[in-house]
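Please work from the sequences and hints to get the whole structure.
One letter stands for each residue in the lines below.
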Amino acid sequence: MSSVEAPARGAVTPRLRAQRRKRLVAAVFVLPALLLLGALVLYPVIFSVGRSFFDASGDTFVGADNYTEMFRDPATLKAIRNSTIWVVVAPVLLTGLGLVLAVLTEKIRWATAFKLVLFLPMAVSFLAAGIIFRLAYEQDPERGVINAAVVGVHDSFSESSPYPNARSRDGETLVKDGEGYRGKDAAGPGDTVNLGFVGVPPGEMPGEAKPAADAAKSTAGQDELRGVVWLDFTPGGGGTAGEVDAKENGMPGMKVSAVRDGETVASTTTGDDGAYSFSGLDPGSYTVEVPASNFAAPYQGVSWLGPALITPAIIGAYLWIWTGFAMVLIAAGLAALPRETLEAARMDGANEFQIFRKITVPLLAPVLTVVFVTLVINVMKVFDLVYIIAPGPVQEDANVLATQMWLVSFGGGNDQGLGSALAVLLLALVVPAMIFNIRRFRRSES
Amino acid sequence: MRRTRRSGTAKATRISAAVAGSMALALGATACGGESPGPASGDGELSGQTVTVSAVWTGVEAKNFQKVLDAFSEETGAKTQLVASGDNVSTFVGSKIEGGQAPDVAMVPQVGVVQQFAQKGWLVPLSSKAEMETTRNFAGVWKNYGTVGTKFYGLYFKAANKSTVWYSPDALDQAGVKPPKTYAEMLKTAGTVSDSGTPAFAVGGEDGWTLTDWFENVYLSQAGPGKYDKLASHDMPWTDKSVVEALETLGELFGDKDLLYNGSAGALRTDFPTSVEQVFGPEPKAAMVYEGDFVGGIAKDQFDRTLGEDAKFFPFPAVGKGDAPVVSGGDAAVVLKDGKNQKAGMKLLEYLATPEAAAIWAEAGGFLSPNKELDLESYSDETTQAAAKELVDAGDTVRFDLSDQAPASFGGTKGTGLWKLLQDFLGDSSDPKATAAKIEAAAKKAYSKS
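Order-wise, the sequence lines are chains A and B.
The UniProt record's numbering applies: residue 1 is where the first sequence begins, and numbers increase by one.
The UniProt record's numbering applies: residue 1 is where the second sequence begins, and numbers increase by one.
Watch out, some of these pointers could steer you wrong.
[Stated by the list, open to error] In silico PhoX-like cross-links for lysine-lysine, where the CA-CA straight-line distance does not exceed 25 Å: (1) B:K230 to B:K67; (2) B:K120 to B:K257; (3) A:K247 to B:K445; (4) A:K176 to B:K63; (5) B:K178 to A:K247; (6) A:K184 to B:K230; (7) B:K445 to B:K241; (8) B:K241 to B:K230; (9) A:K78 to B:K178; (10) B:K227 to B:K445; (11) A:K176 to B:K257.
Keep in mind that the hints were calculated from the coordinates and are not lab data.
Right under this line is the structure:
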């Protein structure tokens, strides 16, 4: 027995030694990477976790105060809410869009050129893209191209009102009634009711407008209710409020109606000197109304940068940048699909939609998951777009965790304790996605 | 932000702010001004010495300041070197000191930064001669703002007048009104102007600082300099009755949608450069815009207006029984301890305290001096003269921008603190009391950390 064991033992020792040496060499090779990883990743993470238990100055230990403060602060809660919206909406939209585009581009002739164009935004920095979209989303149609299009379409379907800026001085000759106006006093046939407006820029008065003074003085007939609608402002000042002064013009094209007991009896439009008249009226008490349609404000477009739409708007800009990425990755996966399966399905009479749903998507699932998870992680750290596109007044409505963290710790807040707590929260949220990705990676390797 | 406020030229204000942190440093490190040609004659008392001066100024401003330095060279024989510090003066000076390259003189744009420098022990108290010149030529308030503890460190060479309401004379003529003298009159005037068809005010509410400036003027006039100081140092809470009153007063204007171009919602979408364009641009939309004297510079440089003809201002009117406010700010010259030519630097400060030095830049334009001995005739146009006169005449009642004196997280950050809360107030001015309470909460948080 011993004679058998002896050579065996002698054989083990050099093997062990070799193994040990191998391990040592491996350690030497790994060391630089470990050191770098430790210094650049592990240490900052641990430091941030530690820092999050201290106050703004970093001197006093405050326990979990920063964490409770974090969930009490409405601005942070809003950032958490926005981050959630981002994570739920953006990757789904992007993966979906990428898939649809990848499948479609497979079938067109200039596929490469098309893909190239869609991929181009990836080459634009977030900062530049942010500036571009900030301008594109501007509400004033003269600046923002998107609203210019929206307003253009809207205006070609609906008419604009003649006097969007006109208003009356409080209760002088007119009373505000909803969006329109009505004469202050009730009137009957034989009365003259003059209605004075202000606030119309000289450039917006129709060219044919004539002085209203003469028409204002003419007396009404027996069964007639008449008067003028005029601009109660003498250019250069000097007129008397509520009176039709010599230099003051009538307002042509104004719709006026006579109303009795809530029912419109007659309607007319004013002439060049602003005069209107209703004749053939039965005796009784009437109100003269100037309906809202005269004053409807011009369509302002969509308030993309307002508090309600700011997050969807920024997600839109994000889509513009990343769609190309999703599409190219998915298209690569698509190219690797076994053609024979698709052909077989076609032979069996499946239509294109069935093929897409039953064959392409299931086979592509691994690629789709990779794209999706990568995008989730990417979306978590979105910063530049939010910071640049959101104007000051709505910044709080647009903030995501990353911007909030920066603002709290460096952007004026100067509270790196709270900022670190936010960073830890962000880390905690990214870690599951990371673990998932690494696991998948391992599985596909084995 | 501050640079933009001064020159107000950058359209993409916020974007530049986004990269300011890194850019300012990079620029500051690389963009150094060249050595001045200076007179070669070396017969002055300081001949052979070079004074290094750092300032935020670039372009025309740097060129004009260089003229002042050249005059100093001529008088003393010292050479001068102007270095651009970039926006973040304290970072710039700090890194220069650490690198052993400290400038001899630094022009510091904020009162808080002068205090910070003094507390870090970076500064030398000014010589008794410089102090004497200052006492003789400046109102006491300027010396106070340059004093930390009991020592006098900062000489305010260049100032801004942030109590000027700019208007388009055409628009006021069209409405037949004259520039108002009181706040109540201003509201009435604004009403008449709006009736004439031109909305009275363009307000750049998308930039929070324009709103803090509005508030500061109303508050300084209505509550008086005493309370203003207390509020600036946060020795008095923002929930004080005087603050609520000032907000109510401001709300009379902000809350009237007929007085603002596009109403308050429109004002919140308008940044400062655009608000100036709305009054002085090629297609004027509104009649008046309130901000500092630099509005005139923009109207002149960007929109080809002639100051005093088609771009004028009236002093921010007095509110209630108070005096007309003068809110200001300025660049203070300080001498650094680590500078190599400290003595020559001190001589430069003594020179900057004289009216002669101020007159040089005043003639070149784009400059206001708090020096009361400076002949107003030195300014190149009447409008600037009037702005300077307002500033000097206000004497000791001049107050520095309150939000500049507050911690940055409260008084100087986009999207939070005072900026954001006043923006909310512009959007809905119905509850001044609630606004005051929210401001106080934000202030408490910020001041406790600084």
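Each hint tested on the structure:
1. Distance restraint check for K230 of chain B and K67 of chain B: the Cα-Cα separation of roughly 39 Å exceeds the 25 Å cut-off, and the hinted pair is therefore not satisfied.
2. Distance restraint check for K120 of chain B and K257 of chain B: the Cα-Cα separation of roughly 49 Å exceeds the 25 Å cut-off, and the hinted pair is therefore not satisfied.
3. For a cut-off of 25 Å, the pair hint linking K247 of chain A to K445 of chain B is broken: about 59 Å separates their Cα positions.
4. Taken as a hint, the K176 of chain A and K63 of chain B pair is broken in the structure, with Cα atoms around 58 Å apart against an allowance of 25 Å.
5. Note on K178 of chain B and K247 of chain A: the hinted pairing holds, with a Cα-Cα distance of about 21 Å set against a maximum of 25 Å.
6. Only pairs whose Cα atoms come within 25 Å are accepted, and K184 of chain A paired with K230 of chain B is rejected, the gap being roughly 50 Å.
7. The suggested pairing of K445 of chain B with K241 of chain B holds, with an alpha-carbon distance near 21 Å, which does not exceed 25 Å.
8. With a CA separation close to 13 Å, the supplied pair K241 of chain B and K230 of chain B stays within the 25 Å bound.
9. Between the alpha carbons of K78 of chain A and K178 of chain B the distance comes to roughly 48 Å, so the proposed pair goes past 25 Å and is violated.
10. Taking the CA atoms of K227 of chain B and K445 of chain B, the gap is near 21 Å; set against the 25 Å cutoff, the hint holds.
11. About 15 Å separates the Cα atoms of K176 of chain A and K257 of chain B, which keeps this hinted pair within 25 Å; it holds.
The structure shown violates the earlier hints numbered 1, 2, 3, 4, 6, 9.
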